[in-house]
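Engineer: Sequence:
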Amino acid sequence: MTISLKAHGATPGDASADQMRLMADLAETCSHGELRISHEQNVTLPHVHRSHLPEIHARLKTAGLATANIDLISDIIACPGMDYCGLATARSIPVAQEIAARFDKLKLEHEIGPLKIRISGCVNACGHHHVGHVGILGLDRSGAESYQITLGGDGSADMVIAELAGPDFAADRIVPAIDRLIATYLDLRETPGETFIDCYRRLGLAPFKAALYGQGKARAA
149 MTISLKAHGA TPGDASADQM RLMADLAETC SHGELRISHE QNVTLPHVHR SHLPEIHARL
209 KTAGLATANI DLISDIIACP GMDYCGLATA RSIPVAQEIA ARFDKLKLEH EIGPLKIRIS
269 GCVNACGHHH VGHVGILGLD RSGAESYQIT LGGDGSADMV IAELAGPDFA ADRIVPAIDR
329 LIATYLDLRE TPGETFIDCY RRLGLAPFKA ALYGQGKARA A
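With my numbering as the guide, the letters of the sequence shown map in order to residues 149 to 369.
It should be emphasised that the hints constitute simulated quantities derived from the structure, not laboratory data. Note that this is a predicted model, so its numbers are computed, not measured. Glycine included, every Cβ here is placed at the ideal spot set by N, Cα and C. Hints may contain errors.
Cβ-Cβ distance ranges computed for the label pairs, FRET-style [claimed, not checked]: (1) Asp346 with Asn272: 23 to 31 Å; (2) Asp162 with Arg321: 41 to 49 Å; (3) Ile185 with His258: 38 to 46 Å; (4) Ala206 with Ala165: 17 to 25 Å; (5) Thr150 with Ala318: 17 to 25 Å; (6) Glu342 with Asp173: 39 to 47 Å; (7) Gly212 with Arg349: 31 to 39 Å; (8) Leu201 with Arg321: 36 to 44 Å; (9) Pro324 with Asp231: 19 to 27 Å; (10) Arg198 with Gly291: 51 to 59 Å.
The whole structure should be built from the sequences, with the hints applied where relevant.
Structural biologist: Dropping the structure here:
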């Protein structure tokens with residue numbers, strides 16, 4: 149089973165000392181003494197018997213570790229960005245926090261379904277933005293942070309490098325741009341079961357690019 153370290157509005161991948169002790173204890177009692185840190189900045193408990201799930205969930209809930217968002221829009225990979233990394237050219241963590249908080253407020257992430265957003269704070273791409281369904285790359289434009297959006301990437305066995313959508317966005321415009329992008333996907337999908345990446349593959353870049361650059365509308369909170 150996977151424990152999300154992506155509580156809405158929190159720093160992706162962070163855990164307190166008390167939370168880490170709890171996960172270690174769960175590994176000892178329910179997972180044969182083993183836990184794994186995933187590249188998606190979450191924690192996996194392997195070998196968990198189904199009978200242990202109610203106990204695990206109850207204990208995780210008391211520790212603030214029961215966010216049900218694995219593979220959803222708020223389960224974002226974000227590098228440390230300019231807050232913690234000397235190589236970064238833009239911040240990543242605040243963008244991830246704002247996106248997660250925005251869609252939690254809209255209560256849309258379960259309706260949106262599986263969606264992998266990846267954020268890198270520089271071209272070293274530690275956030276794997278180039279293989280995100282939606283990738284965000286932070287840049288420095290004459291001392292100001294700006295962000296490129298790439299679309300259609302896939303880091304699975306069907307690996308695809310994402311396409312650049314167009315010009316970058318100022319820091320205060322990146323979350324509204326993601327909002328427009330997701331609103332367009334929800335309007336254009338054929339069925340509730342059509343994922344973002346499947347919809348993108350069916351329609352291509354054009355309708356999403358149009359939404360990003362002024363021809364789409366964001367949803368009201």
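Engineer: Run every hint past the structure and note whether it holds.
Structural biologist: Each hint tested on the structure:
no.: 1; hint: Asp346 with Asn272: 23 to 31 Å; verdict: 30 Å, holds
no.: 2; hint: Asp162 with Arg321: 41 to 49 Å; verdict: 26 Å, violated
no.: 3; hint: Ile185 with His258: 38 to 46 Å; verdict: 26 Å, violated
no.: 4; hint: Ala206 with Ala165: 17 to 25 Å; verdict: 21 Å, holds
no.: 5; hint: Thr150 with Ala318: 17 to 25 Å; verdict: 35 Å, violated
no.: 6; hint: Glu342 with Asp173: 39 to 47 Å; verdict: 41 Å, holds
no.: 7; hint: Gly212 with Arg349: 31 to 39 Å; verdict: 36 Å, holds
no.: 8; hint: Leu201 with Arg321: 36 to 44 Å; verdict: 42 Å, holds
no.: 9; hint: Pro324 with Asp231: 19 to 27 Å; verdict: 22 Å, holds
no.: 10; hint: Arg198 with Gly291: 51 to 59 Å; verdict: 54 Å, holds
Figure legend: structure checked against the earlier numbered hints; hints not met, in rising order: 2, 3, 5.
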